[in-house]
Amino acid sequence: MAEHYSSFEPKGTRWLIQRITAAFLVVVLAYHFMMLHFVNHAAEITFAGTQVRMSQVGYFATMVLFLITAAFHGVNGVYNALVNQGLDGTQKTVVKWLLVVAGALLIVQGIRVASAMTGLF
Amino acid sequence: MSQSYDRGLIEDFGRWQEFSAGMWAWIFHKFTGWVLIGYLFTHVAVLSTATVDGATYTSTLQGLESLLLVRFLEVGLLAVAAFHILNGIRLLFVDLGVGLGAQDKAFYAALVATAAVTVASIPTFLVGAF
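Protein chains in written order, with this note's numbering: chain A, 159 to 279; chain B, 1275 to 1404.
Hints in this document: simulated from the structure, not taken from any laboratory. These numbers were taken from a predicted model, which means no experiment stands behind them. Idealized CB from N, CA, C, for every residue including glycine. It is possible that some hints are incorrect.
Claimed, not checked - With the C-beta cut set under 7 angstroms, the calculated list includes, among others, these residues of chain B facing chain A: (1) T1316; (2) V1318; (3) I1359; (4) K1379.
Using the sequences and the hints, build the whole thing.
So, in C-alpha cells, the structure goes:
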C-alpha cells in the first residue's frame, strides 16, 4: 500500500497551508452552519441579530479569519484541480494570477460586508 | 518507506466503472469543493447587495427564505459541506499516515454520516416553508 495519496506536491508550502486551513475550516464551517441554521434559523435572521453577533470582537475576528482561510483553501483547491486536469505553461500562469486576484477581491469585499454588518460603517 | 502507486488517470471519467472507493472519494471531494467555492463567491455577492441598510438586509434574507427552492438548495449545500468536512477529516488522517488500511471504510463512513446529517436536518431547513 502506498503511503502518500495526495495529488499535491508533498511538503510544499501551499500543500501545508491547504491542510492547516482545512483543519481550521472543518471546525468553523460546521460552527457557521450550526449557528445560522440551527441555533438561529435562517428564515428568522434580521439585521439587528446579525449586528449583535458581528459587533462581538471574537465573532467578527472568527468570521474574517473564516473568510480568509476559506478563500485561500477554495482558490488554491481550484488551482490544484486545474493543474491535475493538465493546465500548463502560459495558461497555468494566467489562471494562477486570475485566481490570486479573484481570491483577493473576495477577501476585500467579504471584509467590507462583515464591517457593514457591524452597523458601524 | 514510500512506494509508488499507479492509480491510473482519474481525470479519464470513462473508466468510472473501474474506480475504487478512494478514487470516488477524490472525485466527490473535488466536486463538493467546486460547489463550496462557487457558493462562497455567490454568498458574498448576495450579502453585498443586501447590506445597503438594515431593512434591505432583513427583507432580502427573508425574501430568499420564503422560496421553497432556496430551502431545498440549503439542504443540498449542507450535504455538500458535510461530505467535504467529513472526507476532509479522512484526508487529514491519510496525510498523517494514520489508518491508511481503513481509508476505503472511512470514505463509506463519511457517506453514511453525510446522509444521516442531511436527512436529520431536513425538518429544520423546511420549517415554516409551507
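Practice item. Taking the numbered hints from earlier one at a time, note which ones the structure violates and give those numbers from smallest to largest. Key: Checked against the structure, the hints that fail are numbers 1 and 4, while the rest are satisfied.
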